[in-house]
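S.K.: Residue-level listing of the chains:
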Amino acid sequence: MKKWWMAAALVGLSLSLFGCGGSNKPAEKKEAAKPADKKITLNVYAAASMTETMKKIATEYQKVASNVEIVYNFDSSGTLKTQIENGAECDLFISAAPKQMNQLDVTKDAKINPKKLDFLLEGTRLNLLENKVVLAVPEKNPKGLKSFDDLAAKLKDGSVRLIMGNSDVPVGQYTQKILAYYKLDEKALANQGLISYGSNVKEVTTQVKEASGDCGVIYGTDAYSAKLKTVGQATKEMCGQVIYPAAVLKKSKNPEAAKAFLKYLQGADAMKIFEGVGFSKVS
Amino acid sequence: MDWFPLWNSLRIAAVSSILVFFSGIFLAYYVARLPKTVKGVLDVLLTLPLVLPPTVCGWFLLIIFGLTHPVGIFLQQYGVKFVMTWYGGILASAVVAFPLMYRTARGAFESFDETLAWSGKTLGLSDTYIFWRIRMPVCRQGIIAGMVLSFARALGEYGATSMLIGYIPKQTATISTTVYQLWRTNDEYSAFIWVLVNLGISAVVLLAVNMLEKSSREKRLRR
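Chains as they are written, first to last, in the working numbering: chain A, -12 to 270; chain B, 75 to 297.
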């Protein structure tokens, strides 16, 4: 009997400790008097390809606005858009392609925004960055790939396995455009087992790094950050311009703080960090 | 509709289950006979994949069999590659399902009445005969339970499988990874069909096992 009481007491104690920990925080918030110094948490949903740069920028932003804590969610823009659509709390959304942003933009027509979603705060959408799509290979480049043309040729005769993002991932969508440019049938290639799909660009990057495939199509910035060798860069004709739009969301609880952070992202300090890995201002 | 994932999932689950069945019962039998400390340590190691999240298991498998790591590079020279191949799925499913068979078999063997084995020995029967014809039939219920659990776990494996063999249509796609991909690419209709297929398989397997148990029970009662 004694043992049961001791166990129950232990469980009760630990639960109450958790309760205490939780209840302390609101008390502290009320004591931080001035509204200007109020601690704000900004939920920023950004494309996976921005992981390294955005984290660095958040550290820099701390020096400028010490009361703002930035909490990130990095994933494929398609996943992020689905999360936002299903009610996730987000203040600022940066997507790796206009498509995902368009699907949340009520000003776009029904073909582009079929569900007529209205998530963007008016007047805050802008084109933040431009990136490049590249062909990356593992360290030993086992199939000796030299360019996108070479990749197309080797896909046609079935001698290479390509890793790409799936059709919900922006970099996957850019890859589909490149395949179409070379008049390759993605479905046919997939049926021959020549394509492996990743669910975001970081997964594709890791798989290329681990040599799980012969090559992968990722962004120049990811190749730089993962120190991967690249053998080709996609031109405008192959996949269009790679634009990263950004917007504050309507449901944001701190729209002013979100707008301020977005402004900072366009400033010289942030741009220096972005350009350091291969991003550029939209031309 | 591409039915490859059905064939792939079934063959991965079937082969994993066979591997896990034999390794599970043999290890359960031998580990029970080891000294206490060794038994304790081995128990923890062999049950670990059950407690670890599948993604952690997948991570461990990758750092052992990945193509940029020693074991993976060594095996690749002989043409054996567990990454991005369908038999890599067997490895992942077997590792994750093993503890289920092992622990269930251990439990069954430990509640086995040893006097039956000893009587067999006094009659001059070999250890192999005693194991397969006395120990196993008596522990049948536990063993069958272990088999069902490990088959089900192998069929439903997602985390470790996805990390080790990825998603290559017509090569390494399983029902679990296919449903995820179809959901991600907004093909809800196809995803739903796969969900129904999976429910169907599970129902058939469980019904078959139930019927097996019933008939074995009736056979014993009739004797």
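Possibly wrong hints are sitting among the right ones.
Said to hold, decoys possible - Label-pair restraints from in silico Cβ distances:
id: 1; chain 1: B; residue 1: Asn284; chain 2: A; residue 2: Leu2; range: 13 to 21 Å
id: 2; chain 1: B; residue 1: Ile138; chain 2: A; residue 2: Lys42; range: 24 to 32 Å
id: 3; chain 1: A; residue 1: Asn178; chain 2: B; residue 2: Val269; range: 22 to 30 Å
Keep in mind the hints are simulated off the structure, nothing from the lab.
Where a beta carbon is used, it is the ideal one built from N, C-alpha and C, also for glycine.
S.K.: Compare the structure with each hint and give your call.
M.R.: Hint check:
no., hint, result
1, Asn284(B) to Leu2(A): 13 to 21 Å, "41 Å, violated"
2, Ile138(B) to Lys42(A): 24 to 32 Å, "30 Å, holds"
3, Asn178(A) to Val269(B): 22 to 30 Å, "23 Å, holds"
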